[in-house]
Amino acid sequence: MSENINPNPSILPSPSATPASRPLTGPLAPPPPLEGWRIDLLKTFPWLKWLVKRRWFQFAVVLPNLFLFLVFLAAGVWGTPVGNRNILIVFVWIFWWFLLISAMVPFLSRAWCTMCPFPFFGEWIQRGSLTTPKMAAPGAKGAKVGINRYFGWNLRWPKALSNIWMQNIGFLGLCTFSAFYLTRPIVTVWVLGSLIIIATVLHVVFRQRAFCNYVCPVSGFLSLYSMSSMAEVRSRDAEVCLKCHDKSCLVGSERGWGCPWFNFPSKMERNNYCGMCMECIKSCPHDNMTVRLRPFATDTKLKGYDEAWKAFIMLSLALAYSVIYLGPWGFFKDLANFTESGRGLSAFLGYALCLWALPMVVIPTVFSAFHWVARRLAGAEPKPWKESFLLMAYQLVPLGLLAWIAFSLPLIFINGSYILVTMSDPFGWGWDLFHTAHTAWSPILPQWMPAIQVGILAIGLILTLKSVFKQAGKIYTDNRARLRFALPMALLMTLIVSLFIRLYVS
Amino acid sequence: MASKTFRKFAAVLVVAAGFILPALATPAGPKPQRRDFNIVAHRYAYDPAEIRVNQGDDVHIRFSSKDVMHGFYLEGYDLDAMASPGKSGILLRHPSQGAEFQPAEEITFTAGQRGKFRYRCSMTCGYMHPFMMGVLIVEPNTLYAQGLGLMGGLFLAALILAWPSKTVPLPAAEGAKA
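Going down the list, the protein sequences come from chains D and U. Quick note, the first sequence lines up with residues 292 to 797 if you use my numbering. Quick note, the second sequence lines up with residues 527 to 704 if you use my numbering.
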């Protein structure tokens, strides 16, 4: 998992023990120089700075979201069981999903985590406060983490689980039953309700955002794809951070909580584990933390096999879902929907086995084979296998994100009219709140979908190919070796995109 | 060695050729003819799931349902039909002309546009209804060829741009080691 993450913030060396005059190494070392342009959004838009610095900012964005979420859950329990007439299914799996994958992640990084209602209750219990940070004081109740005070057990998350494997397995497990929760409101209630309960329990037992960092299945793919995002929370000037003795972004202050995501914000160099809660922006005494705009796909380094497998899982699921949900083959729909189709449990288990084997074994094996050929072709071996494997596995991040956008686009364009219907009649009880309940199902530009999908996939391939050759240069300094190494990997990426094209256009 | 500008020009040319040539190179299809299909809908698929015709063909589809009421919304052709189980006739409408369905015996249209078009169920028929669809391919499906050509072109363009201008020969020992 990320080197940014410090699972035990309270055991970091005391900032005051590190003289600013001495060059820092290890976790306190400054981040590497920036690549590409940056726009400091908090400087450009002072109102935004004012907004994110308010203590109530996160509460204000979570609250309406939580309210809607509870209404949706109520619709799932008491509303119509017909999925496309129930606001829970339509808003969560069509509207929210599309917004998340096509707009929020590419442009706003993990802004969803800022407003996510899952950890709301747990964090409230853990902090004993909705907005104001609590300071640790002698004799005060609660546990001291950094210089803030927390309630609950505040256990440290087990080191062996300090990676995203649990998220990988959890996400794949959830996706195995996708045909149920995508179509049946009550199953979605069970899934989302369970996530809230698990989040609350884990917040009480473990420190800070352990649930979000290590367990939440949504967080797993957000962490991966936020690498491609055009937004980032970073320090403005590394020198200021080096000279800072407070390290409030890490340990907290009276202005803000210490980073709940176990990051050391001042040296953060990737988006992966930043939940954009803006606490570091509030707590920094030097006004040195900010939100910046940057080029697409700027973070380019995966730091472990857990992250690489997340990339395999996401790509595989985009492929599998394109077959199951966008394909004409009733056979696959019957397998996924086995309770209704009468295919039987054994058929479903076979389906589940294939769904798991694809990302866990098949795609990684094919990828490894191409990677092996690439290294053989390149000749020299200046970097260990793992390093070049991870550098190349990163290529699946922008490609996977664009593939998911290509997959998700028809969902909203074809079924978008259900949004109008369920807005007016969220429970399917015959209401007509906004006079749109009787909107006829009317797909938008359905005949253009294949062409648009080709365009999106082409953008994905351009980004990926550009990155393949660039990253290959980090492995091989010799130009010819770099080219030989990049060739099979670029070919693999082209073949993957061609497979999507076959599914969408042929 | 080629200049940077020349490389960029060549790369753009290769991508453009990859996208355009498949469309230009498509041979003329056979003479248009009448094509008859019998499509049966059932939860959550159509049988056949895919039909192929040539551009200009006069397509006649007899549409029926095996279990519950199903729809047949054909993308790009302004057609929406409805079939009930046990009934031979259908109800048909042109969505752009209004919501009213009219009785009909079959769905007929001329396959004027080429490419891939999905026919989707337009009557809520059960849990997996939003994903119930079939595919009409009107040949020649040039977009498919163009899509593949475009991706191939991008691959070649990337190679052109990344091709080393000054190669440094690898030591033989390093090559042998791998």
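Honestly, the hints are just simulated from the structure, not real lab data. Quick reminder that beta carbons are idealized off the backbone N, C-alpha and C, glycines included. Treat the hints with care, since some could be wrong.
Unchecked claim - Once the Cα atoms are required to be at most 27 Å apart in a straight line, the calculated DSS-like pairs of lysine-lysine come out as:
id, chain 1, residue 1, chain 2, residue 2
1, U, Lys-613, D, Lys-757
2, D, Lys-761, U, Lys-613
3, D, Lys-765, U, Lys-534
Unchecked claim - Over 10 Å on every C-beta distance to chain D, these chain U residues come out as not near it, computed from the model:
id, residue
4, Pro-553
5, Asn-580
6, Val-661
7, Asn-667
Do the hints match the structure? See the list:
A C-alpha spacing of about 57 Å is found between Lys-613(U) and Lys-757(D), which places the hinted pair above 27 Å, so the restraint is violated. Under the criterion of a C-alpha separation no larger than 27 Å, the hint pairing Lys-761(D) with Lys-613(U) is inconsistent with the structure, at around 62 Å. Using a Cα cut-off of 27 Å, the hinted pair Lys-765(D) and Lys-534(U) holds, with the two alpha carbons roughly 23 Å apart. Distance to chain D confirms Pro-553(U) as a non-interface residue, since its nearest Cβ pair spans about 18 Å, more than 10 Å.
Non-interface status of Asn-580(U) relative to chain D is upheld: no Cβ of that chain comes within 10 Å, the nearest being about 16 Å off. The claim that Val-661(U) lies off the interface is violated: its Cβ sits roughly 5 Å from the closest Cβ of chain D, which falls inside the 10 Å cut-off. At roughly 7 Å from the closest C-beta of chain D, the C-beta of Asn-667(U) falls inside 10 Å, breaking its exclusion from the interface.
Checked against the numbered hints listed earlier, the structure breaks hints 1, 2, 6 and 7; every other hint is satisfied.
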